[in-house]
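In this note's numbering, each residue carries its 1-based index in the first sequence increased by 124.
No wet-lab data here; the hints were simulated from the structure.
Be aware that a few hints might be false.
No more than 30 Å apart at the CA atoms, straight line, and that leaves these computed lysine-lysine pairs for DSSO-like [stated by the list, open to error]:
{"hint": "1", "residue 1": "Lys513", "residue 2": "Lys252"}
{"hint": "2", "residue 1": "Lys252", "residue 2": "Lys478"}
{"hint": "3", "residue 1": "Lys938", "residue 2": "Lys764"}
{"hint": "4", "residue 1": "Lys478", "residue 2": "Lys419"}
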Amino acid sequence: MAEPLPRPDRTIPEKPTLDGIEARWSGRWTAAATYDFDRTATRDQVFSIDTPPPTVSGSLHVGHVFSYTQTDTIARYRRMTGKSVFYPMGWDDNGVPTERRVENYYGVRCDATVPYDAAFEAPAEPAKKRNDFVAISRRNFIGLCEQLTHEDEQVFADLWTYLGLSVDWSTMYTTIGDRARRTSQRAFLRHLASGNAYSAEAPCMWDVTFQMAVSQAELEDHEEPGAYHDITFARPNGETIMVSTTRPELLVSCVALVAHPDDERYQPLFGTTVTTPVFGVEVPVLAHRLADPEKGTGAAMICTFGDTTDVTWWRELNLPARAVIGRDGRFGTEAPEWLDSDAAREAYATFAGKAANGARNVMVELLRESGNLIGELRPIKHPVKFYEKGDKPLEIVQSRQWYIRNGGRDEAMRRRLVERGNEVTWHPGYMQARYSDWVSGLNGDWLVSRQRYFGVPIPVWHRLDAEGNPDYNAALVPTEDMLPVDPQTECPPGMDESQRNQPGGFIADPDILDTWATSSLTPQIACGWEDDPDLFERTFPMDMRPQGHDIIRTWLFSTMVRSDALHGHAPWRNASLAGWILDPDRKKMSKSKGNVVTPRGLLEQYGSDGVRYWAASGRPGVDTAFDEKEMKVGRRLSIKLLNASKFALSFEDSKLGTAAFGAAAPHAVTEPLDRAMLVGLAGLVDEATTAFEGFDYARALERTEGFFWSFCDDYLELVKGRAYLPGDTATMSARAALAIALSTLQRLFAPFLPFATEEVWSWWMEGSIHTATWPDSASIREWAGDGDPALLDVAADVLRSVRRAKTEAKVSMKAEVESITIGGPAARLAAVARVAADLREAGNIAEVLMVESADSDTVVVVLAEVAPADAD
RNA sequence: GGGCGCUUAGCUCAGCUGGCUAGAGCACCUCCCUUACAAGGAGGGGGUCGGGGGUUCGAGUCCCUCAGCGCCCACCA
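I would like the entire structure built from these sequences, with the hints used as guidance.
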């Protein structure tokens, strides 16, 4: 639990300032362990947060600051309500983005065939072109990944500290660290044992640049130019059938033609065969409901594999696989065995070894020559599937991959996962629909194996038979106490290194797990699943998952899948979806778009509190424009808080605060205006509390800010004269009310402006404001007694009229007023009478007169030695 | 094609379960160097709440419909 802060000097500076406030307080918080998790707290006293681990491969931009600040305000609120807040930070440092960054940063590339070089040093000057990158061993490569991520993580941690995130750094984790690797592998092995993980030889979406498989959740559609090619197939009777295709180069992979079963044009052809042009391969004409009579000629060419529909057709119609595009995205150099004529093989040779685009051009020529290309190409724009981080269209490649069951091929499981969504409260609520929609639309299991290096290895070996062929049906697995394990360097139980890669021995599974397959376990990693059962017991399931709404389909869903399989319930109670930061052109701010704004300069210019104010003003789930003006407003608010606090504490006896106000106010609050203000304050506390309970930090801030400004403009102005006077009852009432209000407002602002509030709190209170108790409206109402909130409204209204008169007369606000005459119903006049003394003081008014009238309210202001100004 | 969200002052947005003359900040105009605050403060102008229907004593707020914008998803031959 938090230690007391080093005792501040408890003096109020002559000229309060925000300069250097971040360094001053973040250092003291660290020293005092202000934000440390109290792991003696029981589950019901804990609030645990499943922090998104930022990808360390880039730099943090203001979008990160935006969403992490929002979460931090909630963490701070919960801490002040007495919860022990479990708020770890994780770094997502494994996976493709890190590899890419390391490759470019050092000018290296990983080559598994290169031997380890203990004396290796990265090139001083990285090569400009990828082709010139130095090939290094897997172990050297991983070493560089670790080195660079460590440096990056330190920069990130410094920024978070400067921003004032109240994370407990002692609970930090990384997704490549031992704990994460162990957790990830253990979960995988448990899935394997329960049948939730399996490997299969199947067509999968394949990125030809990274040369690895990608999962459904990583797909992105890009609008790409293409063209319909109308080509003819020959029927045995000499007739032809025309088909439109955008990928004529796949003709060699054609295994059938397909049309809709109800399409009368093709019903006579079903069950017959046709011959492919150029290659002369005989293929059947089949019927399938997915063929769209409206598209092209209504008949389509099924190739292995042009798109995901081809995969469906291939699977459901039991067609042979005639794949020719290899893992490098190029056509195989050898003519495939199903081409049985020399002419066909010669034709193939003209595009063998080419990538899709090159082969297409050649194929078009071949078809033109053979007379099977009819008419002109018809250009179109059509969506093509890409890997979200890739820049070439995906190919579909047949290969052995690992899968985790996610309901994509199991209706009952899909329904169960949709149901799990009901175990979570969504903020905002409509985000649940995105989750349900995604789960309902799944069409395959989750492909988790990646043909990469820097990641969590799949903890599996395969037995080799006497011929040296792997047996994929019975994986050799490590015992859990071996975890984390690297199958490349360690051996399966009961076997030794001499049997590696030998007939009758074993081989290591070459792949690693996709990043999401590890980050989908952040609750288990952070809470110490199996590693630290005591911690797990106190923190899991977690209270809150904050994240961006764009990764509901990936991170949120996959975390649900894992928790469902491992624990049989949802991993959290609340999911809080943050919006994006949009640049001034309303585009999402992201590194790949090159429109990011780095936060450090902003934090220094506007102060962390100023930037936090902007972030916390963004409504939950709503995309928000990047707006420096809001940060300026936040900075002004922070300065105002310093000045207003200084002023209110400048009166003797206001400084009687204690860390938590006791049951009684320092002095009795007796004056009507003071009581009126306190009633409003109590209402504010209720509103802010309700908003925070519903994860709506933005509303809490908005209401607090609104109250604070009118508190300064009106109440403070109205009572300062009275508070200055020598201490009679009315004076003491003002000072007590000021102290109560100040203490309350400072705490209400604490989640948003942690630095400024800590500063002003230190002037008069013991301990950190961030471990102080959240304000309690009931005790404020006790102090307020019979307060009538309307009094403050009336007084502020009259004061505004007086100011207006002075402004219109172009005189100073302290100009003397001879008299004001208030008109209105008796009730209004009675209210004015109760605050008349404060009004006289605040407006420098000699005389307050009243005239009862049934008409609307009026205020007539007579300035001393100045022509009367009517200012109703 | 399906789902979700948005459309309120020049700009960025609040307006929760329908209720007194529709709010804030920025920008703009005027004034004030008032001992908390001049990188301030006080005051002011500015909106037929996207269009059209409907429910209601009463709608920015509920229902229907149309339009525009954005996001997500889809089997994209």
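Enumerate the violated hints, using their earlier numbering and listing them in ascending order.
none
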